[in-house]
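Mapping of the sequence shown onto numbering that gives the first Met the number 0: position 90 corresponds to residue 89, and the numbering continues sequentially without gaps.
Hints in this document: simulated from the structure, not taken from any laboratory. Fair warning: this is a prediction, and the values are worked out from it, not measured in the lab. Mixed in with the good hints there might be a few duds.
[As the list claims (entries may be wrong)] Cross-link-like lysine-lysine pairs, in silico, BS3-like; alpha carbons within 25 angstroms at most:
(1) LYS59 / LYS15
(2) LYS31 / LYS3
(3) LYS126 / LYS115
(4) LYS115 / LYS15
(5) LYS15 / LYS3
(6) LYS115 / LYS129
(7) LYS31 / LYS128
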Amino acid sequence: MPEKILLVEDEQTLVKMYEEIFRRYTDFNLFKAYTKEEGLQLATLHIPSIILLDLIIPEKTGEMVAYDRRVGFDLLKELRAHPETRDISVLVFSNMDTHEDRATSEELGVAEYLLKADYTPQRLIEKIKKHLNN
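Let the sequences and hints guide you as you build the complete structure.
Pasting the structure below:
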């Protein structure tokens, strides 16, 4: 049975690119969420093996992204508060790289903090597979 991966990312171009790459090169079952609200719904419904989580996402569909807020952390806190989603492995996948963001990620039990600029699609797939095998 294919592993379930949830990508929480508001940039539609990136979502389409990763969807195509994952379809071609993996047997992952990829679920896509563009907002915190969608991410929570899909995580609860599908209980993925891994969540790739961008930090800068809108709360709900139709809302503007607040670049000074890390809504991804709000989603992660909600996931950690529910027994059925608390243990899902989360990889932060963001362009943001601050000491504070990394510290918050660690406090919330993020499996790994990945900078988008450092990861080609193939390298990201390898990283996901590594986490799935641990």
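Hint check results:
no. : hint            : result
1   : LYS59 / LYS15   : holds, 20 angstroms
2   : LYS31 / LYS3    : holds, 11 angstroms
3   : LYS126 / LYS115 : holds, 12 angstroms
4   : LYS115 / LYS15  : holds, 15 angstroms
5   : LYS15 / LYS3    : holds, 17 angstroms
6   : LYS115 / LYS129 : holds, 17 angstroms
7   : LYS31 / LYS128  : holds, 18 angstroms
Going down the numbered hints, you'll see the structure goes against none, and every one checks out.
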